[in-house]
Amino acid sequence: MPPADRSRNPIRALGAAALAGFRYAGGMSLLLCQTLRWTTLGLFSRRARFSGRALAEQVVRVGLRSVSIVVVVQLFIGVILALQMTPPLEPWGQVDKVANIIGVAGFRMLGPIITAIVLSGFAGASIAAELGTMVVAEEIEALEATALDPVRFLVVPRVLATFGVTILLAALADLMIALGGYLTSILIGAVPVGYWRRMQEQLEYRDFVTGLIQAGVFGLLISVIACYEGLRVRGGAEGVGRATTMTVVYSIVAIIAAACVFTMIFYVYEL
Amino acid sequence: MGQAADIETAAGEPPPEDAPVIRVTDLVKRFDGRAVLDGVNLAVRPGETMVVMGGSGCGKSTLLRHLIGSMWPDEGRVELFGRDLASLSDEQLDALRKRFGILFQSGALFNSMTVGQNVALPLTEHTDLDADTIDIIVRIKLELVGLREAMDLMPAEISGGMKKRAGLARAIALDPEILFYDEPSAGLDPVTSAEIDQLIMDLSGKLGVTSVVVTHEMDSAFRIADRMAMLDKGRMLKIAPREAFETIRIGPATGDHTTDLIRQFLRGDPEGPITARRLSGDYAEDILGAAGDWK
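Residue numbers (this note's numbering), protein chains in the order written: chain L, 1 to 271; chain S, 1 to 295.
Just so you know, these hints were derived from the structure itself, not from any lab. From the three backbone atoms N, C-alpha and C, an ideal C-beta is built for every residue, glycine too. Hints are not guaranteed to be accurate.
[What the hints assert, rightly or not] Counterexamples of contact, computed for chain L against chain S with all Cβ distances above 10 angstroms:
id : residue
1  : 45
2  : 183
3  : 241
4  : 249
[What the hints assert, rightly or not] The following residues of chain S were derived to be distant from chain L, with all beta-carbon distances above 12 angstroms:
id : residue
5  : 36
6  : 130
7  : 139
8  : 177
9  : 190
10 : 206
11 : 219
12 : 269
[Claimed, not checked] Examples of chain S residues lying across from chain L (beta carbon under 7 angstroms, computed):
id : residue
13 : 68
14 : 70
15 : 104
16 : 108
17 : 110
18 : 122
Can you make the complete structure from the sequences, with help from the hints?
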């Protein structure tokens, strides 16, 4: 049967897309489970230990290299928030509430989510490209043939590193947004004094913690998507390119969807 | 048909006292409904070098992937050391994997590690040896393939031939009983290719390793083989000692389709049954059948 027939039948196309979707979600969940299994085993069994050196390498690559970008981007976010929020607050005589708003928006959501989006392009794409290239170069097959599990050997250090680094960078991001807002508020004379005090009054411990919990989940999503896309590369350099693109696209969608779910949960439970 | 009869004898059961270390029985593998391997039988005896040859896309790489447990048969079985690979748990399969080594087409070195670290990896991961002992073993293995001076170089810094030799050193790190070679001379100049062949023969001679070599380089195949197997369109045409293939190669055309097909392949003739098959086929049907797909 000519292939054209298959793609033109809408029910078949829908079915195929649904199947592909389930397969993707299933494959990702399986990879996540294997990663958790190897991580747990690695903590307790010497035979399954993961190399500290590999973990350190990944932390440097995912974390240190992203610090400057996160700092710059989040400073901008702070500036934007301050400039956007000041005019609408002015008629109500509430300009000094800019500090409160920046605190809530930054710590609860923008810090973690913007950091995660930056990392999906920075770390996610590079992890997918690296693993994809290893697939093409038969390195993954060579690992398996040496009786070394690629999940334990390659995925675990990348996922752990991205998870930890996203949390740390999100904390840094919170501070940078606050700082950007502070500098702008001073410059435009919105909150000449008491910016930090207002922010402290507004913010509760849970604002900070819920933000970082989300950051951790975003980090998991980015790294598992990147590893999954990288490891399933087929067909040479073209496949690697596709994997990198899809990693960024799926990561951003997953991050925003997860943020939406988190926000609903926090709203319902008043967190 | 002569072809069916040949396949019957092709299974070439070795005598019982010489129990095969690798036995493939009626192996069938399909991709998208198309049979890439179609009832393949193969038995490799301990210590021998078996060369599997065939044109591009004949299924020889797929066969190799079944032998190393990275693909699974749709039908039939693959046994290594008398154990059906499909019946093994992950742990058992990993235990078995430590008993064989593979030289991949590209060498498949881990690019983030030095040559020495590549060779050391199976040792650090699978043995309890201390660092000094591992260092000595790595040097010995690299010396065996003539690469001791490249120990601290990164894979990106060495040539294709050196990468293959380094890959070989890594494959023999755990002193395997079987070595698989995927196109060992592909992409190498004639001298380097001959050097790799010499290494393969040395390893099989000195260490008594059983070797399975997948290749379409005939000079190399005839240099190293004890026995040879000819794969064509997913079917095993003939398994026989090297001398039998030598006779076909230098002999005249016989009129028997299978033999002439093998002869054309061995000689690399531009005309013969392989080319005739490509030219006739269902050309007209293909063309007309395809019309309309592009609308």
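Verification of the hints:
1. 45: holds (13 angstroms)
2. 183: holds (41 angstroms)
3. 241: holds (18 angstroms)
4. 249: holds (27 angstroms)
5. 36: Residue 36 of chain S is indeed farther than 12 angstroms from all Cβ atoms of chain L, at 16 angstroms.
6. 130: The claim holds: residue 130 of chain S sits with its nearest Cβ about 15 angstroms from chain L, beyond 12 angstroms.
7. 139: About 19 angstroms separates residue 139 of chain S from the closest Cβ of chain L, which puts it past 12 angstroms; holds.
8. 177: holds (14 angstroms)
9. 190: Answer for residue 190 of chain S: holds, closest chain L Cβ roughly 24 angstroms.
10. 206: Residue 206 of chain S clear of chain L: closest Cβ-Cβ about 22 angstroms, beyond 12 angstroms.
11. 219: holds (24 angstroms)
12. 269: holds (32 angstroms)
13. 68: Because about 6 angstroms separates residue 68 of chain S from the closest Cβ in chain L, which is inside the 7 angstroms limit, the hint holds.
14. 70: holds (6 angstroms)
15. 104: holds (4 angstroms)
16. 108: holds (4 angstroms)
17. 110: It holds, given that the least Cβ distance between residue 110 of chain S and chain L is near 6 angstroms, below 7 angstroms.
18. 122: Since the shortest Cβ distance to chain L is 5 angstroms, the answer is holds.
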